[in-house]
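Make a model of the complete structure from these sequences and hints.
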Amino acid sequence: MGTTLNIATPADFDLPRDVCSYGYFVLAPNRWDVQSQSLTRPLNLHDGPAKASITQPAKGRLRAGFDRPLSRSEQAQARAKIARMLRLDEAEDHTKAFHRADPRWKRSGRSRLFRSPTLFEDIVKTVTSCNVTWPGTVNMNTQLVRHLGRKGCFPTPVRLARTRPGTLRGRCRVGYRDQRLIELANLFHTGHIDEHWLQSPATPDDDVFDFLKTLPGIGPYAAGNILMLLGRYSRLAIDTETIRHGKAVLGFTGSDQQITTQLNAHYEPFGPFKFKSYWFELWAHYETKQGPSHLWKREETATAFTANNL
DNA sequence: GGTAGACCTGGACGC
DNA sequence: GCGTCCAGGTCTACC
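Its first residue numbered 2, the first sequence is counted upward by one per residue in the working numbering.
All the given hints hold, so there is nothing to weed out.
Within a straight-line C-alpha distance of at most 16 Å, the following computed EDC-like cross-link-like pairs (lysine to aspartate or glutamate) qualify:
| id | residue 1 | residue 2 |
| --- | --- | --- |
| 1 | K97 | D13 |
| 2 | K298 | D34 |
| 3 | K107 | D94 |
| 4 | K60 | D13 |
| 5 | K107 | E282 |
| 6 | K52 | D34 |
| 7 | K82 | D48 |
| 8 | K52 | D68 |
| 9 | K290 | E301 |
| 10 | K107 | D15 |
| 11 | K82 | E196 |
| 12 | K107 | E93 |
| 13 | K60 | E93 |
| 14 | K107 | D13 |
| 15 | K298 | E288 |
| 16 | K152 | D68 |
| 17 | K248 | E282 |
| 18 | K52 | E75 |
| 19 | K82 | D123 |
| 20 | K214 | D195 |
| 21 | K152 | D48 |
| 22 | K60 | D15 |
| 23 | K214 | E184 |
| 24 | K97 | D15 |
Source of the hints: derived by calculation from the structure; they are not laboratory data.
The following block contains the structure:
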């Protein structure tokens, strides 16, 4: 008999909406079940992996069922990881401030962007999303979990740091990212990444951005994306998808550089919430083509979604 | 500071 | 079934 945790959430939290808000919800080891509207994934805890199934039985409350009993310390650890994934730290006043800045999302209530239980997983997922089409990202994460993850978990920094480049390339299909991922894993497991400093409100976004760009495999796009994953929304992460959005949806014209300038100007009024305003615009565009994201069937839509494919 | 070319994979396409 | 082309962001060398 496994442990069940009851977890309090901010009053405005909505599990289907807030999980199915960013592409990482379809990447292994996450699994969103459309039928039961639940999120399932294994978590790495003190005494080993435990599979969590998260549902929302009522407003303001989540239920997380595990496939084995959890000790007291593991329960605290699991609560922290779930809170990180679901951004339960973003209270209602944060949502209200965002909706004051951009009232377009007040009706749907959108504000939270799904992320991973650890910063390491978020950074690896970001690196596997660079210079590759979305199905490639999906495959890399599936293979990383399959070949390097213990009992279906995402690989730990120690495990990834000890993996041979040839294994990453041959089995996990990460290509030239092999050495960069190993170096990143080494930086994490040797304590060279100061997560407290990265997450401290006292640290300016620009300083975090500059630091992130020094990491292997992290350029301007990835650094902007990781800022968002750290809860810093004052910058955009501009990739080809953003440029496409600028042209097709916002009607911008000119060279990519000119469109980038127009995009930055367009989102400037949203101040510290620029990324959210941009992202929910993009996400709303996907949903007009494919229907609500919490109903997307993983194999059909979610693994192929980019505006180009839609 | 700006830019060209290499880095890999998987899918689309033509034969 | 095979070869070719293309999409995708980062990194290095070079100007």
